[in-house]
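Novice: Hints in hand, dock the two standalone chains.
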Amino acid sequence: MEVLKETVEEEEAAEQEEAAVRAERSEKMTRPMEVRREEAPMTQEMLRDLEKKLSDIDMAIPEKPLTFTKDTIDISSLPLSYQSNTLKEEHLLQVVDNFSRQYIHLCPDRVPLFLHPPNECEVPKFVSTTIRPTLMPYPELYNWDTCAQFVSDFLSMVPLPDPLKPPPYLYSSTTVLKYQKGNCFDFSTLLCSMLLGAGYDAYCVNGYASQDMCQMDLTRDVCPLTVKHQEVVQEKEKVPPKKYAVKPPRDLTSRFEQEQETKKQKETKAEEERRLREEEAHLLDAEKAKTDPLHGLRVHSWVLVLSGKREVPESFFIDPFTARSYSTQDDHFLGIESLWNHKNYWINMQDCWNCCKDLVFDLGDPVRWEYLLLGTEKSHLSLTEEEEDGMNDDDDVEKLGEDEDKSFDMPPSWVEQIEISPEAFETRCPSGKKVIQYKRAKLEKWAPYLNSNGLVCRLTTYKDLECTETLEIKEWFQNRGDMLELRHINKSTGLNIDYFKPGHPQALRVHSYKSMQPETDRVMEFYDTARVDGLVKREETPQTMAEHYQGRSDFLTYRHVSFGDRVKKVALNSAESNSRPMVKITERFAHNPEKPAEEDVAERAFLLSEERVQLRYHCRDDHITASKREFLRRTEVDSKGNKVVMTPDVCVSFEVEPMEHTKKLLYQYETMMKLKNEEKLSRHQAWESELEVLEILKLREEEEEGHRLTISIYDTKRNKKSKEYREAMERVMHEEHLRQTEAQLDYLAPFLAQLPPNEKLTRWQAIRIKDDCLSDFQQRLIDKANLIQARFEKETQELQKKQQWYQENQVTLTAEEEDLYLSYCHQAMFRIRILEQRLNRHKELAPLKYLALEEKLYKDPRLVEFVKVFDTRPGALAKVARAGNLPHSQASVPHTPSR
Amino acid sequence: MNRLYHSTEPQVMDEEMLKQAVGEQSLRDEARQLARQEGVLFKDVLSLRLDFQNIIRIDSLWHFENLRKLQLDNNIIEKIQGLEHLVHLVWLDLSFNNIEVIEGLDTLVNLEDLSLFNNRISKIGSLDALVKLQVLSLGNNDISQMMNIIYLRQFKGLRTLSLSGNPIAEMEDYKMFVCAYLPDLVYLDFQCIDDHMKELAELRYQYSIDELKQQEHLTQVQLAKEQAQQEELEEHKAAFVEHLNGSFLFDSMYAEDTEGNKLAYLPGVKELLQAYKDKFVIICLSIFEYGLKQQEKRRVELDTFNECVQEAIQENQEQGRHRVARFEEKHSLNLNTLRDESDLTNFETKIVEYSENITELFNVLMTLEMQLVEQLEETINMFERNITDLVALFIENVQGLMAQCRDLENHHHEKLLEIAISTLEKTLKGELDEDLPEDVRAVGFQKIISVGLLAVSKRGSCKRKLCAEISHLFVDKDTIVNAVGTSHDLHLLKIDNREDELVTRTNSWCSHLVDTIHKDEIMRNRRRVKEIYQYIDHMQNELDSLECSEIID
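In the order they appear, the protein sequences are chains A and B. For what it's worth, this note's numbering labels the leading residue of the first sequence as 352, then goes sequentially. For what it's worth, this note's numbering labels the leading residue of the second sequence as 2, then goes sequentially.
The following block holds chain B by itself, in its conformation from the complex (with noise of 0.2 Å):
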């Protein structure tokens, strides 16, 4: 790039730099002269002007935290950096630099203007973050692929757009084509697009447009569903019973159960299962049903609660503000009259007649901040206690509930166990023949539980293997007893473990709930009296001053 300072030195910003830039930036004389005087905050800054410094690498901006509008063209710039904390920042400026790729800016989300206008730029992206983008330009860069104009396709904003002098301006269809797949585009290359223009753009690539209208369409919907489906679940877990509509926890239990899994293939006890998985599915949805009630009982509960809070304080403020404005009044006549009295007792009455009425303020207004706190306290007990009572009501009912799963686990497990012994006995007594066909009979134990399987199971010859697994188990009692035994205690635990779970996390969010209720009653509470300190403190200040300036007159 042509630079205008060869001869100088390329800069890192530093304070010194950000210091004059600032001073010098002050309109009138006067108002310089005082900026000179005491000096100016970074942070107070909304604008900067940094260009033609010959910088070669952004520093030092952190402080500028509400800087809205940063110039820092013309300079030897080669990397976007140190901008990451300037977030409310609405206009940058890094043109005529020696920028190569888009970076850094991935945290200035309010940023509507951006010109990186002739530097080295040869690919659009990294600006997904910059959703409030009006205008962008982007001349004299190595652009060259005619695909990074879909990209800003995501910038509903976008009205401005400034390509001339990249390679890809230099195509024939360059302009028709950006036309039309930016259709709320209104300035192109500092020109405006015409209607004619953009209807012809539009008849030209209406099929490729089309289609890329549908991938988005699609795309956005499917966004939409899961963020639904975020939502939802969140509902859910609000009410600590997520996952609990549906066989989710009965499917979770024999997710990581062997034994189980190879159990199923018993006779007969296909059918157990599914009986025993129905029961089971009923319950979940009883208890999520049931947690989705309480917790509307307990939103309702808190809503009233809240109002109710709000209100008295609010009543609490008016009485309070009255107060301080009925003051006020008289105090603007004292102060007036106390300016204009020359006897000296009648205004040392005065004076002694004004610091009791303040006093007097004081008092009313820590009288009723007390009342409020007392009023305050006796409610939000209450509803403490309420809240208490309904979680833990809430946890013994699902306690209940969970407890008839346990149940229904148990009596699963006698059944499975009743089965297998009785299988395993026909294993050994042979007396499994009946069931089975004459071919079969012949075959061995093994073999034929495992015809036997598969008549039951019904799966076909791939799960032959399977079979084999599970006929290992039935060598004796004890291995088939072992077997259910450990899927059994596998189920138990699972489902003491969702129930710990929601248990924990209901009684964590009430105390939570309560302490944040408890914590922001006392912060309230000091704000007040740290208020009403300030503002009598103040009235006390007046006083004093107008006293000695009397006694000095």
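Just chain A, same shape as in the assembly (with noise of 0.2 Å):
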């Protein structure tokens, strides 16, 4: 719109005042906006006008429609060392360019260096003194890889007006904050600032590299999300063979067949790598295809991480756009021309034919490295052993010598401190939001709380390179009221996974599904700690329900429900719920230690259609079958009409020591009776499990619907209690803060000024002040309670003068009028009231207070050595009484009139 403005003023200008103000007009154009914007007082027809022309104009629309100018930037209000140099820093400049000019003598074929871009303010500053070197006061910013993708979310990236060449301004790390965009330099000075800050040895790369990585192109990496973590298959330590191990069978296999099978095999495994070589080569060329003409030209810049500091292991570039780490091998990086930090600027002199793989970092090495300022404590040349030794100390002194000579130490930044308020850090991406394409995969990522449902992070990974065809999406919330912190849904298998944080109120886990309609594929997982029945996990299919269960007293372990068809029900009890008839159930338990194991139950399944119950017994520990039992629950009448109550074919049983008393119909009759109550008991709890299914389903959809976003208490923004408790807070300690003010106020301030300054207070002196200080009070008082009085008789006075009134003229009122007057009786009464009450209040406060000031001057450490020995003056307190006894108010109280 700015541009557009400004277009349109230059139109009008040209019009209206032609040649007038041709020569004002490029003066205008360096001006700040708002001086320009408030000269041109537009009309309604100039207005119209306008339109009309506009329309008329075919602007051709800029590519990019916000480009980080210098127009954008207010600077009237940067701090003064943006907008001058001091004598430190000319001096610096002016070796700079000695600098430089040797540089361009020695190396003409070199490009120019980026020594000193002008800032926002056109003041030409040294690149070093714009690092500002900044530890910030979040703990998640402490180490580089936050560091850096803090600075990458926070910055938009704006790409170089020339991709050739370095930029032609640098501004201040506070600016870009400030505008939240900047191009690569902009992106590497302040991570390379912070990083600083934060202790790690780090420099601005000045450099060359691959188109990708100068337009944060990342269409073709894999997004680092969708890689997955490959499991390092943990060898598992030989132990040595035991002295007594037993030798293994003989092997009777075929030795030949076996090298068959392995040639087989690993012919096929060679095709496969083979067709997947050529796939890869394939795409290789396909992306060759495209290659940039650029490639080798383009500028860049990033941040290098020299091993030392930190605990760095080894040296690293970052790419402050993708705040990805890389090698100092990596191809990516085709040239180094120059690098810097906050004390000094080296330059390259080695040959970056085979890009950086074969640049050598060491910073001490003037062949390499051709440094720029003498003298600063980093970066010895990393010695040789046999020059180690005896040199080294001798090296030092002279090297001290010559530093005091010529080094030129660094002048201080010209850039403010570096501030990123917490709301601003809390929000990272400009407006909170941020997207980044990926080869095959879309990253979305918000601000916390800006999403209504707690949404934050959204990878949405396609089948093919154009990105149409969706295959997986995976959420990413915080703070849901629900403990949500990841949904996975799979497109092509429509198969969605919940990942739930602890505390969902039903202890819930991790919940797949396809529906969230009861009684389809499903699988819920829980913390089985929070739950009273030790649940792991529950898989349920369309006729199938598994649980698993864990720590259990009952040693329940596992429970799978088959349910048959729904029978049809007749209309009449459609109010019960229809629920699915039972088939099997089958329960399996873990070892009791304190059973033995032939007589605890391993697996017992009730077949519910046949009345047939299975048992299984655990197996001891030295053998290899486990008893059984089956019962066959059928009620069987004699040939004499007899209930038959057991038979012996009733229970068929296997056992594998067999025992006399097991044999018994006795105890067979006892356990069937066992296993009746246990049967009812599993129906009742596997028809619980269903409602629990259905009620943790109309769970989920509230959740849903209404996603709730839980806010810490500790967030005293967003809390609406802790805030507030926090205003409340801030309240009182002003409140407090004013009490004390009026607590120091000085009583005999008025009466010592009257005396000649800067002389010793004589007794005298100081029982008249005293006396001048109490009167005076008295006197207040007494005028307080003279005052309100006042205010009591006058009030007074026109309430009679009212009611009065009103009695006079009572028949011809109105309706209206009356309740005017009777609203104003009423208000009248109640301020009447109020000052008897804060007449009688200040009759009984004002002795106290006259007391409570003599006290205070008493004990005054200016008068207390006078007025020690001097007795209270009794009669002072009977002045005070007389004072407060002012006339008596009650007795002439009108009546509030009735009706």
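A portion of the hints provided could be inaccurate.
Listed below are the simulated DSS-like cross-link pairs for lysine-lysine, each with C-alpha atoms no more than 25 Å apart in a straight line [unchecked claim]:
1) B:K520 - B:K298
2) A:K593 - B:K520
3) A:K979 - B:K44
4) B:K199 - A:K979
5) B:K157 - B:K70
6) B:K531 - A:K1015
7) A:K1014 - B:K44
8) B:K495 - B:K416
Quick caveat, the hints were computed from the structure, so don't treat them as lab data.
Specialist: Spelled out as structure tokens, the structure:
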């Protein structure tokens, strides 16, 4: 818009005042916007005129609507150091210019150095002074990776005006932070400042990089979030065979056949690999087809972190756009022109024919790295061994001498301290949202609390390179009331997986489903320690439900329920929920160490439809078979019509070690009776589980709709209660402060001021002052009382008058007037009563106040030595009491009229 | 005691009565019907009620091996007997009987609740075996001695005690006394003891209780010490070198050796003896240490062997179980399909297939077992070889050390003989004079010797008699040589005995160990084979029954 306006104004000016203002116009251009805007007041006609004209103009819309130009920056509010150079800086610039001239002379074929570009105020500043090492107050920004991530999130990228040259300007980091955008040099300057502040050995690098890197184009990179961690298979330590380990049985399989088999496998594998390689080569070819014509010429700036400080084991690069770290041998970095930190500037004298792969980052080596300023304590040449021993000390001494002569220490940075407000830190990205396009993936980020459903990050993976067919979506959430942390949507299978943090009301951990309809495929995992029943996992299919348990006192570990088809119900009892009939319940139990294994049931299956119960017992340690028992529950009737309670064929059992008592019918009968009860219980539990599933689904639906976000009580900005509390605290603090200042009020000051200054008080004077002070206070009290009294009387009189008037005109009054009168009376009565109360209170408090002041005066350090011996004056109190003895007011209070 | 059934005759427990009692106990109708049908085994009975039966003598209870609860109240029992076999008993009620002495409860170590209410007991005792006792009811008895309560201090688990109706309950300090001496008690005479009462009682009897506690503590420490010593000795015994960590063997050599003791009083012999003893003890100690080391070695060997064997068995069992599980999965499917199968030819082929499966399983399991047997046999043989070698080496080395002992003894013997003969010669020639003071010289030889001995032994006049005894050895050379010889023989015998004992015990341990290992392996094998057969038989039977039923259909 602003650009637009500018042109409009220009045209306007051209039409109306043509030549007269032409001279002025060029001047205007350079002036800040605000001034100009005021200058040209617009009339309606002009606007209409303009509109017409504008519609005629065929404007080529610039590709990048918002370039980060100087015009958008308000330089008037910048501090002085931004707008001018100090003497030392001037001196430095001279040194730098000198150096630059020498450099151009010596290396005429190299591009000019990026040394002192002008800043936002057109003042040339040496690049090293633009770096302002700052340690951020956020613990998250203490490590390089989080720092880089922050910079890449916080700033939006603006490409260089000329991709083949360093930028014409280098702005301060504060300005960059304010506008939240910048080019690669701004990025790396800010990041370098933060890393240096955090103690890293970091450098800004001016060099050349690939097109992808310069344009922050990640579409050819694989998203780091999609890369699956390859599980490192830990090889088990081979235990040396024990002395008496048994020999393995003889292997009787044919070795020849095995060899043939492995050969075959190898072949297929090789085939597969070849195919893969071909595919890759194909892809590479395709990519190579669109090579960059400017390859190796594109200027980029990034950050180099050298090993040594902060336990960095190896030097590496950080690309400030993407916050990724690269090894110094990476293909993306094609060459280095120069690098600098806040202390010095080095020019690379090594050949970059093989990208950065052969570069040695030993900045102390003057052959490889030409330094600009002498004598910074960093970067000694790493000496070879024979030199190291004897010469070191002498060297140091010599160097010290030299340093004193020639060294020129860097002036302090002209940049203001880098500050990031907590709000900005939390919002991260400009306007809280950021989108990154990766190869076959799109990553979107939001600031917390920006989305009402708590969404903070979304990763969409695509099947094809053009990103049209969605493969899966991963959504990360924060601060959700239902503790939802991550949702994984697989578009191809339609499977949704929700991951929860601990604290869901139903202790849900993972919920994977295809639809929220009950009785469909779903798996729910739970935090079993948070549940009373120790449920770990519940898997459902339309026909079955399997539950896994852990740590139960009844040793149940697994329950599997299969359901039959729903029976068509008669409409009569439609109110009842029509639950599916259970066909089979299988339960497995862990071994109870207190019971002998052959009496401890391992698995029991209730075949409900067949009225059959199968029991399988645990296997004893030294056995390979387990006891089994099968009960057939059919009530039979014998020939005489009596109910047969128990027949031997009711129970078929296999016992590993036959026991006598278990053969008894009585025992079997009792076991069966027990099983009957347990079956009932199991059915009930299965039914309850079904209900729970319904409940959870309902709850989940509600949560999804409501998506309430939780706010930490420490977050005083968002948490309403905390906010109120904080504000109340602040208010209390404020009041406390006021009270304190009041308490410090000096009663004696006006009286002391009357005395000649710098003189010691005499006793007489002291007493005089005290008396004056007291009497003054007394007078004030009396005045106050009189004032209240006067007001009271006035109010009363007015009311009486009004009453009189009412009495006289009562008959002629309209209803409205009467109402008015009544309300007036009401208010007046209220005022009178308040005044009366105040008067009474004053009467009560006045003597006390007087005494308090007297006491205070006696204790006053300035008077204490004089008045100590002096007696208190009993008369004073009486006086005050008199003063408080004010006219009685109650008598004259008029009565409120009544209808 | 007031009996309800005065008229009925006193009864002795017998089978009939017990059967009736057991039969009446089943709870529900159907269960009772079943119990009547087939009878109940006495050893399956967990609780038994025999009250108001006018029983005079407890008898015939030995079948009730697993009885947990026994009620014998309201009878006329006079003597506690016949309960020795009821070791699982937890609950015993003998209230309202005519018992006078507590006895016959020494085997009931699991007893927690004992009621002897309303009897004629006058002394609490014979309850030492009842370490788990929690509830003790002794009301309405004749206990009159307060000291009976102190006896109850040993039951750490005792929480409930009733003593009301006894003469001691009438005493004024009764409650206080009980609370003080039994601080862990919670209920006394069916009342909860409040903390206040406990505090009061503690204050009151503080001194006597402290003293008692001190005594108890001392005895406990003593016991612990003895136990530790016993354990140590056991450990040494397991290493076959007990009592070799000191001068025990040496002392035993001289314990029965009167001659040797006498000879010790000869001049110069004492020093010789001391040196001999020192050397001997050093050798004994080396034997001891060597023995312990060897024991450790054997233990490690045995442990690794056991571990490996266990591992092998476990692995084999795992395989076996896996096979069985797989088979069973298939089997249940098969059975289901078989049951549903209607086509006869199909059915038959399935049956055949199924029986083939069973045979296959049998073969697989048996092969596994045979394989394990072979593997184990090899391992066991190797172990046997190693352990025998170890034991042989141990014996050899110990024998070498023992030989050193013998050498020492021989050496000592020679020295002693020399001294003895020279002394004899001196006495005979009177050359002893030089060594002896002037006034003694005048006295006769025997006296001189005795004095000389005295001087040497520095034992004073009390040994004068002994000296006289020794002196008669110095009659002639033969006597003295004989005396020294007997002493020597005795010593050698002792050493030989110790050596023999060690060797035989070690060897027997070794052979016993090997035997048990072999036996265990055989037993294991038999059990497994039996198990497999049983399982296969069961499967086959199931199949057969299915076939039968199908044919009948």
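Novice: Hint by hint, note whether the structure agrees.
Specialist: Do the hints match the structure? See the list:
1. B:K520 - B:K298: 24 Å, holds
2. A:K593 - B:K520: 23 Å, holds
3. A:K979 - B:K44: With a Cα-Cα distance of about 24 Å, the restraint between K979 of chain A and K44 of chain B holds, given a limit of 25 Å.
4. B:K199 - A:K979: 56 Å, violated
5. B:K157 - B:K70: 22 Å, holds
6. B:K531 - A:K1015: Holds - the C-alpha atoms of K1015 of chain A and K531 of chain B are around 24 Å apart, at most 25 Å.
7. A:K1014 - B:K44: 14 Å, holds
8. B:K495 - B:K416: Status holds; Cα separation ~20 Å.
The structure fails hint 4 only (numbered hints given earlier).
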